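For the record, the sequence lines run as chains A and B. Numbering-wise, the working numbering puts 309 at position 153 of the first sequence, and it's gapless, one number per residue. Numbering-wise, the working numbering puts 218 at position 62 of the second sequence, and it's gapless, one number per residue.
Where hints are given, some of them may not hold.
One copy or any two copies: either way a pair holds, since identical chains are not told apart in the list.
No more than 30 Å apart at the CA atoms, straight line, and that leaves these computed lysine-lysine pairs for DSS-like [what the hints assert, rightly or not]:
1. Lys184 - Lys335
2. Lys314 - Lys198
3. Lys402 - Lys198
4. Lys261 - Lys184
5. Lys402 - Lys261
6. Lys452 - Lys296
7. Lys335 - Lys312
8. Lys198 - Lys184
It is worth saying that the hints were derived from the structure and are not from the lab. Since the model is a prediction, treat every value here as computed from it, not as a measurement.
Protein chains: 2
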Amino acid sequence: MSSDTTPTPELDLWVEERHRDIVGARFKVLRTLFSGTSEYQKVDVVESAGFGKMLFNDGLAMVSERDEFVYHEMIAHVPLFTHPEPKRVLVIGGGDGGTVREVIKHPSVEHCHLVEIDEMVVNACREHIPLTSACLNDKKVQVTIGDGVKFVAETKEKFDLIIVDSTDPIGPAAPLFGKEFYQNVHSCLADGGIVVSQGESVYYEQEMQRSLLSILNNEFSITRLFNYSNLTYPGGLWSFVYASDKRCPLADFDESRVAASGIEFQYYNEYIHRAAFMLPEFQRKALGSTLKPLPK
Amino acid sequence: MSSDTTPTPELDLWVEERHRDIVGARFKVLRTLFSGTSEYQKVDVVESAGFGKMLFNDGLAMVSERDEFVYHEMIAHVPLFTHPEPKRVLVIGGGDGGTVREVIKHPSVEHCHLVEIDEMVVNACREHIPLTSACLNDKKVQVTIGDGVKFVAETKEKFDLIIVDSTDPIGPAAPLFGKEFYQNVHSCLADGGIVVSQGESVYYEQEMQRSLLSILNNEFSITRLFNYSNLTYPGGLWSFVYASDKRCPLADFDESRVAASGIEFQYYNEYIHRAAFMLPEFQRKALGSTLKPLPK
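Input sequences plus hints: build the corresponding full structure.
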């Protein structure tokens with residue numbers, strides 16, 4: 157469907173994301189704003205009835221204006237309030253810009269480099285979802301269209317924080333869930349640096365979570381997994397993985413910095429920061445020995 | 157649809173629960189096990205492809221075998237591990253039996269009284285969902301088919317814990333969200349007693365959460381709200397409300413009792429107990445002054 161055949165609002169139009177052919181999430185759509193196929197994936201932006209504008213990659217919901225704050229605040233502020241003075245941040249993926257928007261709210265951040273493989277995602281979001289993309293014009297922000305896997309293999313730059321803001325481990329994002337990628341991420345981190353990555357569904361992707369944690373456990377001395385709940389992703393409860401050689405997001409977290417920052421949050425706060433690392437029992441059991449014990 | 161017209165498994169059959177006509181959750185159905193209309197509501201039990209057997213009241217998903225443990229463990233164990241020695245428990249609603257199943261895992265509990273208004277729910281679950289209903293035959297359990305609103309207005313019995321395991325505040329459950337009901341609940345509590353109630357969706361029902369907390373704030377000196385994430389309810393992230401005149405679920409919680417109990421959990425644990433009370437910022441703002449500050 158191209159944008160010149162946008163249906164009239166009178167149609168009872170719904171977009172559905174099916175998961176494993178057992179469950180489907182449907183969103184009522186008012187109209188299609190953009191539809192294209194890049195070298196990497198199908199990219200669609202729709203205006204929904206209840207969730208604002210929504211970005212879909214290969215038919216999977218990536219961003220909705222209604223609840224994007226949950227994902228973007230949690231992937232950014234948990235590591236940024238753990239590191240005492242993050243200056244240089246690399247975001248791999250995240251072409252919608254929402255993660256970058258949260259990163260540059262921290263006054264210590266001098267430089268935020270976004271490396272997104274798919275220019276169509278960046279352009280579609282720049283045109284249709286300024287809520288997340290407007291920050292990409294900020295003077296602290298550098299946008300590179302390129303392969304994040306190659307970037308971390310080749311760059312000589314060091315970063316205090318690397319955020320892997322990826323789609324699911326299929327298609328262009330698959331190497332972002334592999335061992336070699338994280339070895340390179342490790343060598344791009346400055347002393348005391350942190351990496352945080354999109355960690356998939358708590359209920360549906362336990363094997364992937366174990367795999368990601370295993371890779372990180374081989375590379376880093378501190379690894380953790382933390383959860384968040386949103387409206388848009390299948391099953392609602394999803395995770396991020398966290399790794400660092402020096403900084404524990406619980407033991408090294410100074411909660412007084414949160415209020416002192418003056419940043420306005422919608423989901424994150426000093427209570428949620430700690431609570432997000434407290435996992436339900438079935439998840440702890442499924443992760444088994446890949447999950448390191450909490451600090452005393 | 158009656159049970160003698162059960163469709164063959166070959167049909168691509170889905171049941172959909174729509175929420176405010178902006179979002180729909182669809183579950184693939186293998187066959188209908190029960191379908192009836194009681195004095196109070198439509199009652200359906202289906203066998204789903206990915207979520208086991210599911211109970212629907214008036215088309216709204218109430219129970220799925222896949223994730224019912226989340227709701228039932230959290231509504232029961234949070235208050236039962238806060239009260240030092242709960243002996244007598246009243247469950248209003250909850251005709252599927254899942255809450256009672258968790259309550260009687262606590263050895264201190266001598267008597268658990270279930271008061272469910274709709275006999276059809278109890279009978280359908282007894283026949284088709286033994287996972288939740290088998291416990292209703294336990295010798296500690298008394299099942300009364302009757303109106304919980306009348307029960308708490310008339311009984312002279314006292315309870316250490318009252319659990320309001322209700323459907324949404326429409327139809328037969330509407331009075332369970334009212335002021336008079338909670339005044340009567342209050343007078344049925346023994347000294348140091350606790351009430352916990354189904355508290356609706358975090359993302360979609362903020363006005364209802366404020367209303368429930370306001371009613372409880374007028375009656376009880378300690379009130380709180382805690383969250384859980386499941387797969388079945390719209391938006392995933394839902395709440396329970398908590399009230400007591402004496403016992404705070406954070407300050408009075410002795411986490412060593414959890415492991416010592418020997419109870420096997422799937423969702424609840426000593427970490428989740430505390431973390432569930434840490435609310436996202438948008439929820440804290442929406443609840444405003446109805447949300448009491450956390451203890452130091």
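To see whether the hints hold, each was checked on the structure:
| no. | hint | in the structure |
| --- | --- | --- |
| 1 | Lys184 - Lys335 | neither (39 Å within a copy, 36 Å between copies) |
| 2 | Lys314 - Lys198 | neither (33 Å within a copy, 62 Å between copies) |
| 3 | Lys402 - Lys198 | neither (40 Å within a copy, 57 Å between copies) |
| 4 | Lys261 - Lys184 | neither (33 Å within a copy, 43 Å between copies) |
| 5 | Lys402 - Lys261 | within (24 Å within a copy, 42 Å between copies) |
| 6 | Lys452 - Lys296 | neither (38 Å within a copy, 39 Å between copies) |
| 7 | Lys335 - Lys312 | within (20 Å within a copy, 65 Å between copies) |
| 8 | Lys198 - Lys184 | both (20 Å within a copy, 26 Å between copies) |
The structure fails hints 1, 2, 3, 4 and 6 (numbered hints given earlier, in ascending order).
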